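Produce the entire structure from the sequences given, and follow the hints as far as they go.
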Amino acid sequence: MAVTHFRPLRPATCLLIAFLIRIPTPAHSADPAPDPGPSKTTPVAKTAAQKQAEKQAEIDRDRQATAVALNYCRASFHRIRKQPTKQVMLQEQTQILNNLNLSGIADREVIQLYTAVLDEIHSVQIAEKERMAFEARHRREFHRRLFANALLFGSEIATAQLVGAVRTGANSWWDYRAMEDQKENDIWKVEKIRMKTVVSKSSTFLDTLWQMARKKQIPDSWLIRGSDLDRLEVALRIPSPRKRLRVLKRMERFMTHYPPYWYYIGRTQQQLGQLFAAMKTYDRMTGIAAGHFRNDALLAAGIANQAMIQAHLGQPAAPLTAMKALRMSSNCWEANLICARVLADTGRTAQAEEAILTNLDSSIERTRSLVHLLSLYYRTGDLDKIAKRLADPKVCRDLPVPVLLRCVARLDPGKVPATVNRQLAGSLKVMPRRQFGADDIVVVAGNGWQLKEARIGLSLNGRKITIRPKLTNRDQQVLATFVHVAEFGNPFALASKPPRTILTLEYPDTPRVRLALGDNRPKVTGIGPDNEPGLKITAIEFDTLHLSLVADAGR
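In this note's numbering, the protein residues as written are 3 to 557.
Just so you know, the hints here were simulated from the structure itself, not pulled from any lab data.
Every value quoted in this text rests on a predicted model; they were computed, and no experiment measured them.
Be aware that one or more of the hints could be misleading.
[Unchecked claim] Calculated cross-link-like contacts (lysine-lysine; reagent style DSS-like; alpha-carbon spacing at most 25 Å): (1) 218 - 57; (2) 431 - 472; (3) 466 - 454; (4) 396 - 431; (5) 251 - 282; (6) 57 - 217; (7) 53 - 217; (8) 417 - 390; (9) 396 - 417; (10) 499 - 466; (11) 431 - 454; (12) 466 - 431; (13) 454 - 396; (14) 499 - 431; (15) 282 - 245; (16) 387 - 417; (17) 218 - 53; (18) 454 - 472.
Here it is in structure tokens:
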């Protein structure tokens with residue numbers, strides 16, 4: 003699989019495009035001062051030259067819209083021909099072909115041909131299990147750490163972290179589309195006969211639309227070709243952002259009316275920290291991209307990126323830009339979360355909450371969205387909503403433990419839901435692996451503990467273990483194994499008393515977590531014989547939080 007080059011700079015992630023409404027201020031307004039003269043003016047009849055100019059402007063807008071629509075169609079069909087898989091067909095049908103607004107093209111023949119192509123693609127049968135596999139792959143490709151805990155929950159944000167987040171920006175489906183490995187999807191190949199029909203009908207459609215473009219005297223330089231798209235794909239795989247930007251800029255002559263090209267330019271400029279240049283690029287993209295899709299992830303991500311940059315630069319238009327981004331698309335989850343943060347930071351809590359709930363109501367990126375929602379409540383001091391959410395066992399299960407502990411630390415001890423204690427007590431245990439000689443200790447934890455993100459420390463009877471654990475995955479759990487560090491007996495007999503065990507977890511930008519473990523919890527199984535006792539959490543110390551789990555571990 004190809005390596006994605008729009009790689010986040012830890013510990014972050016974020017945004018995309020342009021805001022066209024300028025908010026004048028007394029100090030910086032570009033608008034002229036009000037005319038103190040008479041308020042009543044006599045309407046002036048338009049001259050023939052003015053009427054001709056308006057007519058020509060309308061023709062130019064129509065030509066531009068036609069060129070952009072044709073370029074989107076050509077790019078989509080080019081990808082289908084190059085990667086004739088069910089996954090690619092599903093993506094192009096959902097994101098572009100079924101989403102493209104062709105209302106500006108009033109030619110009946112063109113619309114009929116376009117419909118015929120869509121019908122042919124739709125006839126390719128995609129089983130539900132295949133669709134789920136495609137979506138799971140998409141999520142893996144987009145696996146990102148959106149923010150460090152400090153960026154989400156803290157008020158003291160390190161400058162380097164924030165700059166990294168702004169440079170990373172929000173990804174969209176278009177980032178994924180540009181980086182997908184062409185060789186990985188052979189198992190999803192479409193039948194040759196079906197693919198031949200799709201190619202034939204799409205070719206007829208493109209030829210007809212091309213002829214219409216010639217009638218409208220659209221310049222040839224406005225229209226992309228397959229070779230242009232191939233060069234763009236190669237350029238986007240260049241690992242060095244500086245070199246990538248140079249190569250992309252050399253392609254501008256034949257890419258001016260292909261909005262994704264400007265998106266990729268802006269993303270690269272943003273990655274390099276060229277924030278003002280990125281905002282101008284997103285503006286240019288918005289000028290030609292607006293109105294072409296009913297649900298435009300490209301615009302949503304671009305405008306969200308611009309909102310984040312504006313917020314970073316202290317520009318007052320940031321929250322309005324964020325609201326504009328949210329109107330572009332409801333299913334670009336990264337844009338939703340970025341805009342929520344921008345809105346929350348400017349006191350628009352209700353709008354920020356709604357942006358996050360858009361993801362949760364659609365079951366999009368549930369864990370990340372829950373983290374953002376709880377962080378919003380945390381920073382605004384809405385403790386009732388925190389407690390209400392934590393009373394749901396599914397929320398406790400899906401939240402990363404560092405986030406769960408931060409939220410619990412804000413609540414009064416008497417208001418901590420029992421679901422929290424049960425989740426913490428039941429999601430981590432320490433098991434001995436008895437053998438002749440020194441025994442191994444295995445920490446078995448759910449994914450919510452994020453052991454791979456933590457620095458793990460172990461203390462036995464006050465003695466600090468210096469050996470680093472070996473991490474492995476097993477059945478939705480992470481195992482951290484300390485080799486030859488303890489004495490729990492031998493394969494035939496248990497020691498009379500297990501060592502006093504303290505486990506410490508240090509996460510980036512998070513107070514240290516200290517776990518006391520004891521053997522007076524119910525016996526658990528999973529590693530070793532069924533009768534082997536395990537050590538379960540009896541108490542947790544986290545920042546100012548001191549949480550006893552003795553009463554809840556067995557419930």
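Handout entry: Violations among the numbered hints
Key = Checked against the structure, no hint fails, so every one of them is satisfied.
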